[in-house]
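So you can see what is in the structure, the chains are spelled out below.
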Amino acid sequence: MEPQASRASAAEIDASCRWPVGFLLTKSLGWLLVASCLSVLSSIKLHAPGFLANCSWLTYGRVQPAAWNCFVFGFASQAALGVALWLSARLTGTLLVGARTICVGTVLWNLGITVGLLGILAGDGTGIESLELPAYASPILFAGYLAIASWSIVTGYQRRGEPLFVSQWYLMAAIFAFPWVFSAGHLMGVFFPLRGILQAAVQVWYWQNLFTLWLSFIGLAILFYLLPKLTGVAVPSRPLAVFGLWTMALFGSFGGMYRYLGGPIPAYMVSTGVVGTVLTIVPLLAVAMNLWPVYRSRVQSEESVNVVRFVGFALVSYLVHGLLTVLSSLQAFGRITHFTLLTVAMDQLFLQGFVGMALLGATLYVLPRLFEINWPSLGFTRFYFRCVGGGIALGVIALAAGGIVQGLAMENATIPFFDVVRRYVPFAGTSTLANLVIAFGNFVLCAAVSLQVLLWLAERYVPSVWAWFQPSPVVREAKA
Amino acid sequence: MNYGPLIFLGVFFTVAASWLGVVLGPHLQFGNDGPATTEDTGITYPYARPGQAHQGAEVYRANGCFYCHTRQVRSKEYGSDLERHWGKRRTVARDFLWDQPLMLGTLRLGPDLANIGARETNTHALLLRLYNPRSVMPNSTMPRYPYLFEKRPIKPGQEASPDAVFVDQSSSDRNIEIVPKPEAYQLVAYLQSQKAEAVILEVLPPLPPGGATNVVSPGGTNAAIATPATNAPATNAPSAK
Chain A
1 MEPQASRASA
11 AEIDASCRWP
21 VGFLLTKSLG
31 WLLVASCLSV
41 LSSIKLHAPG
51 FLANCSWLTY
61 GRVQPAAWNC
71 FVFGFASQAA
81 LGVALWLSAR
91 LTGTLLVGAR
101 TICVGTVLWN
111 LGITVGLLGI
121 LAGDGTGIES
131 LELPAYASPI
141 LFAGYLAIAS
151 WSIVTGYQRR
161 GEPLFVSQWY
171 LMAAIFAFPW
181 VFSAGHLMGV
191 FFPLRGILQA
201 AVQVWYWQNL
211 FTLWLSFIGL
221 AILFYLLPKL
231 TGVAVPSRPL
241 AVFGLWTMAL
251 FGSFGGMYRY
261 LGGPIPAYMV
271 STGVVGTVLT
281 IVPLLAVAMN
291 LWPVYRSRVQ
301 SEESVNVVRF
311 VGFALVSYLV
321 HGLLTVLSSL
331 QAFGRITHFT
341 LLTVAMDQLF
351 LQGFVGMALL
361 GATLYVLPRL
371 FEINWPSLGF
381 TRFYFRCVGG
391 GIALGVIALA
401 AGGIVQGLAM
411 ENATIPFFDV
421 VRRYVPFAGT
431 STLANLVIAF
441 GNFVLCAAVS
451 LQVLLWLAER
461 YVPSVWAWFQ
471 PSPVVREAKA
Chain B
1 MNYGPLIFLG
11 VFFTVAASWL
21 GVVLGPHLQF
31 GNDGPATTED
41 TGITYPYARP
51 GQAHQGAEVY
61 RANGCFYCHT
71 RQVRSKEYGS
81 DLERHWGKRR
91 TVARDFLWDQ
101 PLMLGTLRLG
111 PDLANIGARE
121 TNTHALLLRL
131 YNPRSVMPNS
141 TMPRYPYLFE
151 KRPIKPGQEA
161 SPDAVFVDQS
171 SSDRNIEIVP
181 KPEAYQLVAY
191 LQSQKAEAVI
201 LEVLPPLPPG
211 GATNVVSPGG
221 TNAAIATPAT
231 NAPATNAPSA
241 K
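Chains A and B, in that order, give the protein sequences. When the first sequence is numbered by our numbering, its final residue is 480 and no position is left out of the sequence of numbers. When the second sequence is numbered by our numbering, its final residue is 241 and no position is left out of the sequence of numbers.
Isolated chain B (complex conformation):
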């Protein structure tokens, strides 16, 4: 008997089945999902990332930050993410609409970064953390990124740059300052754009008494937003009104 064609077809169809189920099906279902506008505030979510943060995503990718940091907050059934104040709500598919590449991360050797922009608003502190993490957290295992910074001598009589994260003036003849390169600023801008906190339909926070947020889709119909982009129970939709 000749099994070659049988094996070929068998493999083809099993792989095609999982491709259909895991990739193509979900793509047909919500691959064209768009941003949503909150009616009360007029804010469209997810926010477009500013140009510098957009460049910072490339720095984040090139240096593989996502091998140790996740950018996903799970609901309380799956872990203590919310108790750790890594986010006010769980992250959902819509939060990542503009992420290219996605870089969700699957290992937490460092803390989650889905909302680092909301937690840490001080640019200088983030820069310092990139230059020498142990100066901020003593037993951190995060690598130093000195190559994102420039080491410059300060000429006698000259002031240190206001941008410097570190100035060494210990010896009188040769002073040194550490100044961030553009890449460092871009990466920090990217980190500060990490705010997956907006109130959206998929995960509603516990309703404050009397207050509710009305969400409409770009098409203007409330029905369109009910496409199950996540596993939020459909019964939540009417309660949003």
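Okay, chain A solo, but in the shape it has when bound:
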């Protein structure tokens, strides 16, 4: 493809992204709502086990992985793909190409998720945490991914030869990493499983790289794009950001094995994981040094206030999660917190607090531009942010506190296990409350977005459709 000579205008780019990116983003919001409803269901079951117990499809061991996969693949990865396409068009200043293939890919991706979730709920989950998608669903997702993400590379390639922005580095690394990680994980975990304990190694490798190289890099790409954009302050050091990217890719991808601290795994494997995790403090500092000053110097324009809260929440969650991960990989701390609700809290902080909030901020920034609507209002985003941000904070704090209480009780062998259960149950109850608040917020968001998109469609297409049913001038004349 010939390099395009000049940068296209922002409005032209947004118009070229309207259907493919709009499709991805609205679909992802739908899955976000489904995921938050499933989370409510699964957290209710943690303290009211009799709730809907007669239905095998809704037992905790199926609803919980369904909620996780729905969030990670239905919402987060899908929104990430949408935002990635838009960002790569905007950052290179070119029109998005391949809109039709992207739409076909989106249909495939959503088909894969629907089939996968129904499979998990029907009891076909693979039995490997975070690799639950059945063997008949993951290839559909993979095909969908290739049909969508390739165009982000092609779009960027039209204007090769320009220096890359920091967020492009992260974006391209994530786009290249996902197919590698997804296919290797599913091949060695599900299709041709390794023997015995090595399955744990595959699982942890996949889990860690999906989180680090795919989700966190997309999240960081959004932070590195939106924060400077909203505040008007440049990222202090580009080399530091690139250094942070590569060190995170290297150390982070080794880091997952700490999840089996003390487990039936050769000790050197766990040690490698701990070393990798502890070293991620370096890229964490690099991100903090680059983005914290930008975030602190925020400009108070209405739109930037709208979005900056989400992005700021994501940044803080990212840093806190990184520090907690380093802490819990150490034996002194991990001895207490291992196997407790604190690990659930950390996953929620990462998935909802960091990735989810960054993607929601980006969605609220991108969607109005795609459809050229003046939305959302300051009041609406404030309300939505309070629901979701408050819910996430409440849930994470409750689960973290519950995890520490549970861990301390488990550590003391004189406390019988049913007493341990009695101690963590109130915290699980609080997390149900938090999930309810989040689900309510997401419901309001989905309703508002659907309304806006429908209004936009009506305004744009109703007159022309209406015209089809009007008698043509020739007929009218003939009647007269």
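Read the hints as simulated data drawn from the structure, not as lab findings. A few of these clues could be false.
As the list claims (entries may be wrong) - Away from chain A, derived, C-beta distances all over 10 Å, residues of chain B: (1) Ser-18; (2) Arg-49; (3) Glu-83; (4) Ala-118; (5) Leu-128.
What the hints assert, rightly or not - So these bits of chain A aren't anywhere near chain B, every CB distance computed over 12 Å: (6) Val-282; (7) Ser-377; (8) Val-425.
Said to hold, decoys possible - Quick partial rundown of chain A residues pointing at chain B, CB under 10 Å, derived from the structure: (9) Gly-127; (10) Phe-339; (11) Asn-374; (12) Trp-375; (13) Pro-376; (14) Gly-407; (15) Val-420; (16) Val-421; (17) Tyr-461; (18) Ser-464.
Keep in mind that this is a model prediction, so the values were computed, not measured. Don't be surprised by glycine CBs; every beta carbon is placed ideally from N, CA and C.
Please build the complex by placing chain B on the supplied structure of chain A, with the hints as guidance.
Then chain B, alone, in the frame of chain A:
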């Protein structure tokens, strides 16, 4: 400058490095580990799982039991698992040689199940626990699994099935019994096969005076067993003789 190929190669090699270090390296090292036979007793460990327990693993997987129960006992430096009598020794890689999928679990909302088969030998008690956990433990958060059981009316004059876990004969006209489906029996068989307690080379219990267990590998050489399948110090190997 054109960074595309650089990023592609960089990502490729970093991911390949961790794949090599975390998955492929360990696979080359002990991916072909086999069962080991204890010379004194002639018992080969890990035991092959009986057919019904094998089917039970599928029930365990389908219902996601491993989201709340671990099947790994840690040594005393890592937690109170041994003090809680969840096992006589820590679990090691060899215990899970036949597990497919592995289902170790990473969260303990319920107790560890690595040795549930050694702790609970009563089939009926386990069935009852699946049907209604709160009947056994009042504040349990474990879900009920009524769909693994069949609710059958007892015809007048007919005896309740001996397999029933629960019989309701409160009303005279319509009596009901709860009978386990095959899945419930399979799951219980699987649970009862959970006995990661055999004495093996990797984790030796404190030696009783004068008694030691001699372990040989399927190849028959003692040297082969010394492959570091776990982090047991190599110095333990000679002491086993």
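Results of checking the hints against the structure:
no., hint, verdict
1, Ser-18, "4 Å, violated"
2, Arg-49, "13 Å, holds"
3, Glu-83, "4 Å, violated"
4, Ala-118, "16 Å, holds"
5, Leu-128, "15 Å, holds"
6, Val-282, "14 Å, holds"
7, Ser-377, "39 Å, holds"
8, Val-425, "6 Å, violated"
9, Gly-127, "4 Å, holds"
10, Phe-339, "4 Å, holds"
11, Asn-374, "37 Å, violated"
12, Trp-375, "35 Å, violated"
13, Pro-376, "34 Å, violated"
14, Gly-407, "9 Å, holds"
15, Val-420, "8 Å, holds"
16, Val-421, "6 Å, holds"
17, Tyr-461, "39 Å, violated"
18, Ser-464, "42 Å, violated"
Violated hints, in rising order: 1, 3, 8, 11, 12, 13, 17, 18; the structure is consistent with all others.
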